[in-house]
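All the letters of the sequence shown, read from the start, carry residue numbers 1 to 207 under this note's numbering.
All the given hints hold, so there is nothing to weed out.
What follows is a list of derived Cβ distance ranges for each label pair:
1) I57 to E23: 49 to 55 Å
2) A58 to E81: 33 to 39 Å
3) R166 to L53: 31 to 37 Å
4) D109 to S140: 23 to 29 Å
5) L139 to A56: 52 to 58 Å
6) A58 to T21: 54 to 60 Å
7) V161 to V71: 19 to 25 Å
8) L60 to A102: 47 to 53 Å
9) K177 to I155: 15 to 21 Å
10) V161 to A46: 42 to 48 Å
11) K70 to D109: 25 to 31 Å
12) L139 to A175: 21 to 27 Å
13) S140 to S176: 19 to 25 Å
14) D112 to G163: 18 to 24 Å
Treat the hints as calculated values from the structure; they're not laboratory data. This one's a predicted model, so the numbers in the text were calculated from it and none came from an experiment. Beta carbons: idealized from backbone N, C-alpha and C, even for Gly.
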Amino acid sequence: GPAPVHYGRLSRILPFLNRETAERIETNILEVYVKATSMSIRYKIAAALVAVLCLAIASLGIVSFNQQAKVLEEEMKKRVEGLVRQLAAAGKTGLLTKDELAVFAVLKDVKDLPEVAFGMVLDSKGIVFAHNNQSWKGLSLTDDAAQRALAAEDILFQHSVSGASRILEASLPIASKFGKKTLRVGTARVGISQDAPGKPILFSAAD
1 GPAPVHYGRL SRILPFLNRE TAERIETNIL EVYVKATSMS IRYKIAAALV AVLCLAIASL
61 GIVSFNQQAK VLEEEMKKRV EGLVRQLAAA GKTGLLTKDE LAVFAVLKDV KDLPEVAFGM
121 VLDSKGIVFA HNNQSWKGLS LTDDAAQRAL AAEDILFQHS VSGASRILEA SLPIASKFGK
181 KTLRVGTARV GISQDAPGKP ILFSAAD
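All chains, full assembly: derive it from the sequences and hints.
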């Protein structure tokens with residue numbers, strides 16, 4: 001900022017002013033300078049406080065949003081886990097008896113839920129035994145999500161995208177005891193939409 005005015009300097013620059021007038025002008029200039037400087041500091045402090053307040057509000061908003069997202073994610077995981085366990089129970093009986101109609105009846109109930117994107121039961125070789133879209137029956141799924149589902153030894157959650165919708169999928173091994181051995185006879189998979197819970201998504205064999 002500019003240097004403060006010193007008494008006597010103005011009278012030397014403007015010799016036609018008497019000392020009293022020059023000192024009065026210098027005093028007024030100094031007061032204006034002090035006020036301007038003080039006001040500038042106050043504005044800076046106020047701006048800093050506003051910036052800190054905005055940052056704090058933004059941080060709280062981000063934390064709150066993340067917490068809500070985590071809660072919603074956990075609720076959706078519980079929802080899809082319940083569905084895949086229900087399907088796995090029906091799928092176990094269907095795979096052992098080779099009766100796909102009983103499995104399809106459960107799939108129909110699952111599919112009718114508005115948030116469900118798909119449901120299927122795979123046999124031990126990864127071949128589609130039953131699917132909410134009957135045209136999928138007999139297909140061998142080789143995509144990464146299918147391979148991870150077939151390799152999982154316990155419930156597995158995966159995220160994927162179908163068109164413009166995000167999908168949360170749960171897959172669960174279907175196992176049965178034969179004597180002292182427990183063998184995996186298939187895999188149940190259910191996916192729900194994370195973006196449009198009110199609109200079901202029906203996959204086609206071309207997806």
